[in-house]
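*Asks:* What follows is each chain in one-letter form.
2 protein chains.
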Amino acid sequence: MQASELTATRRPRVVVVGAGFAGINAAQRLGKLAVDVTVIDKTNHHTFQPLLYQVALAVLSPGDIAQPIRRILSGHDNIEILMDEVRDVDARAQKLLLGSGTDVIYDYLILATGSTHSYFAHPEWEKVAPGLKMLEDATEIRRRVLLAFELAERQMVEKGSHPPLQFVIVGGGPTGVELAGAISDISRLYMQKDFRHIDPKSAKVLILEGSPHVLAAYPQDLQDSAVRQLNEINVQVRTNAKVTDVQPGYVMVGDPPNAEKIESVCTLWAAGVKASPLGKALADSLGDPAILDRRGCVIVDGHLNPKGHPEIFLCGDLAHYEENGKLVPGVAQPAMQMGNYAAERIGLLVSNPAAAQRQKDFHYFDKGDMATIGRKAAVARIAWPFKAHWSGFMAWLTWLTVHIFFLIGFRNRLSVFRSWAYTYIRFRDGVRLIVGSQDLPGWDALTKEDVVKKEGDTEVVVKS
Amino acid sequence: MQASELTATRRPRVVVVGAGFAGINAAQRLGKLAVDVTVIDKTNHHTFQPLLYQVALAVLSPGDIAQPIRRILSGHDNIEILMDEVRDVDARAQKLLLGSGTDVIYDYLILATGSTHSYFAHPEWEKVAPGLKMLEDATEIRRRVLLAFELAERQMVEKGSHPPLQFVIVGGGPTGVELAGAISDISRLYMQKDFRHIDPKSAKVLILEGSPHVLAAYPQDLQDSAVRQLNEINVQVRTNAKVTDVQPGYVMVGDPPNAEKIESVCTLWAAGVKASPLGKALADSLGDPAILDRRGCVIVDGHLNPKGHPEIFLCGDLAHYEENGKLVPGVAQPAMQMGNYAAERIGLLVSNPAAAQRQKDFHYFDKGDMATIGRKAAVARIAWPFKAHWSGFMAWLTWLTVHIFFLIGFRNRLSVFRSWAYTYIRFRDGVRLIVGSQDLPGWDALTKEDVVKKEGDTEVVVKS
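Going down the list, the sequences are from chains G and S. Going left to right, the first sequence walks through residues 7 to 470 as this note's numbering numbers them. Going left to right, the second sequence walks through residues 7 to 470 as this note's numbering numbers them.
To be clear, the hints were calculated from the coordinates, so they are not data collected in a lab. Worth double-checking, as some hints may not be accurate.
Copies of the same chain are indistinguishable here, so a pair counts whether it falls within one copy or spans any two.
[What the hints assert, rightly or not] Taking lysine-lysine and the DSS-like style, the derived pairs with C-alpha atoms no more than 25 Å apart in a straight line are:
| hint | residue 1 | residue 2 |
| --- | --- | --- |
| 1 | 133 | 48 |
| 2 | 101 | 267 |
| 3 | 165 | 454 |
| 4 | 139 | 207 |
| 5 | 139 | 38 |
| 6 | 332 | 267 |
| 7 | 139 | 267 |
| 8 | 248 | 393 |
| 9 | 139 | 199 |
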């Protein structure tokens, strides 16, 4: 068959928006079907988000956990890729409006633009307390954490004192816990011989969690174990801690007049989930605000469609899908499975409508959850191939193995493996580069308050 | 001996400003002497500048060619490191004024803050045509080059045409030649299967060199060979091309009324050398403008001191040192040797003034020069251990070997070796990540002019 014959009749156009876990998995499957595919993402790369915190804390390089989308999908001639932003959806006309001003028409649409952090209606806090969603965020967090140590050393030389190195993390979900563990690691293990005037081990990490428990999605025994393991590496956890203000140099907890001021040399945000704005754009286009949940995610049926639109699929964090009355969580595994399901379903709708009629609802195949707590510690809820709750070193080894296997791309896997061997065995972190400015929000304010001074061999906090 | 005895008498304080090749080499040597050392750099890392162009063109990661200064010097207890900027020099009081507002007193001073690109008194051109001196520059150049291809693909989908992908490099020194070769590589070799609508191979690279020859420091036969090798990989070279304006989307060559407009989707700057402003600060402090040459470099004697100041050393690009009437070039090898010499001399001045009296003048031990011209081609002027002029593959192999050996740090060496094997053997570049915005200066202007359209299987330029 000649190429011209193949393209003689127009093939259905599937547009995939977002190249995260859901979008990439959908695209890879669609690449094998008799459809034309357009993948749209505002970046040129797919990011392995579960390891973003390791880029932030200088264990891995951006290139270790990110791959160009074109590279991942280069084997599929029926896939075109646009680096562009989708501004709006016109579900009736079946078209998308792009940031560059043009329209893209679709026969089938997969929306997989995920979620971002919610700053509790205080978007101005973002500048002070960056979250961790993209490569750029990871580099910025790395800059701030490492800069805090640099500025403390500098101040010690110049003034003989420095503000207490307390890092505050708002949110005790997996991201918050993993960031906290990694900051503790870097201060305890990897910088021992690097400074002459400060003691990096004196750094403290504090997790502020609004609910009664960290790692809300985990069973109670693993939550308790996580807190114990965090405490062992000098990370304090405060639950039921409602953050009411975030400013350069400090965080307020609780409502006035009982609000408490907590000093922070660097505040990171790992709380709240807010859907990508495309959820609202879709709801507006459909004239049906009821399809959105409280977070802005789109409520979908068993085929991952919003009500009445079998040509539109929501996958990953942007989808609100309940199974047996329980919300499928916004993590990598269900996103990948949803992407696969949507692609498979489109394949059936295109080539075998009768089989599509019989297709079962989406089912989340839950293999479990894991979160690391620094080097050598973790919690793991294993749901497949057997059920178990693991803590500590065993859980950490499991995490290590699983993540080596699931990283996309042979090159990255080798590189990550080498970096981990280097970091975890030889206690050296690889990529402790500060890129960007020397400004750290709040540093100036802090240096006017409590300071740490050296008295003999120990550091003491002096109240001003 | 107890630590307290060692520190009972104050040891001479040596301050090293700048942690490039000269500064790092000086510090490593000073670390073994009975002096106290302060290393000051505005970044936290030492950059292996000769490979910066490979970070810019996505062959290597920033972490491959940069190392934290603290890491490199962590074995020396007598070295403290300050991440800070030196604002001014007070040579009479023997102190430096830092950006953070404090003073640092020195007994001996090594100034090694290098040079930057000169924009021919047009600093406003820098925004349009970034140079390549720091990691941040490399990331920005990578962003612009890769974005040009992304935007062309996008425009092809949306409008069926795109502006010609012509990359213009101002300056035909080693940096210009290596950047040109690397852009040619990326367009010809590494993106073949990635785009559906544009032909990355249609990209053109143009070097504009103001003097009659590229690679001015090389012998004529290698200059000629370089031009031939560049032409073979689709890089055009124009010598005697005086750039008179740089604007988003184009470059002007020659003076009006005969000025010629050359369209450019992305302009990079690799021309001119301007000394770090600390040279002028030192001259001002000494009240002696005659110690500066035309570029702002400090003229030094055989001990690398400016006239009358045996306690101040200039090393690397910031030093103007003539040997047998010939200026020692501003590249890595002499910088390293100068750093070593200055440290050695300080050691003698401190411990053995009689031997310092007898110390010979600095001598540049010239091993040669090399510049790559994309994958598999290079020019090499070998001066040691034998004399030879090599071109082509042999020169490239030599370059490869030398650079693997000279990269600081075992970790980086392994990583770079792997990346190169991957890139040069398997034709895949590793880290083609665009980080930052989707703005490319001049793109909008260009899209209103000549465009490339697909006519059948070939692309043609259509004059508007």
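*Asks:* Take the hints in turn and mark each one as holding or not.
*Replies:* Hint check:
1. Taking identical chains as interchangeable, the C-alpha atoms of residue 133 and residue 48 lie at most 25 Å apart whether they share a chain (21 Å) or sit on different chains (23 Å).
2. Proximity of residue 101 to residue 267 under the C-alpha cut-off of 25 Å is found in neither arrangement, the shortest distances being 50 Å within a copy and 40 Å between copies.
3. Taking the closest pair of Cα atoms, residue 165 and residue 454 come within 25 Å of each other only inside a single copy of the chain (12 Å); across copies the shortest separation is 58 Å, beyond that limit.
4. Proximity of residue 139 and residue 207 under a CA criterion of 25 Å is satisfied in neither setting, with 28 Å inside one chain copy and 34 Å between copies.
5. For the homomeric pair residue 139 and residue 38, neither the shortest alpha-carbon distance inside one copy (30 Å) nor that between copies (45 Å) is at most 25 Å.
6. Proximity of residue 332 and residue 267 under a CA criterion of 25 Å is satisfied in neither setting, with 37 Å inside one chain copy and 64 Å between copies.
7. Taking CA atoms no more than 25 Å apart as the test, residue 139 paired with residue 267 passes in neither setting, with 27 Å inside one copy and 43 Å between copies.
8. When the C-alpha separation of residue 248 and residue 393 is checked against a cutoff of 25 Å, the pair qualifies neither within a copy, at 34 Å, nor between copies, at 72 Å.
9. Taking the closest pair of Cα atoms, residue 139 and residue 199 never come within 25 Å of each other, the shortest separation being 32 Å inside a single copy and 29 Å across copies.
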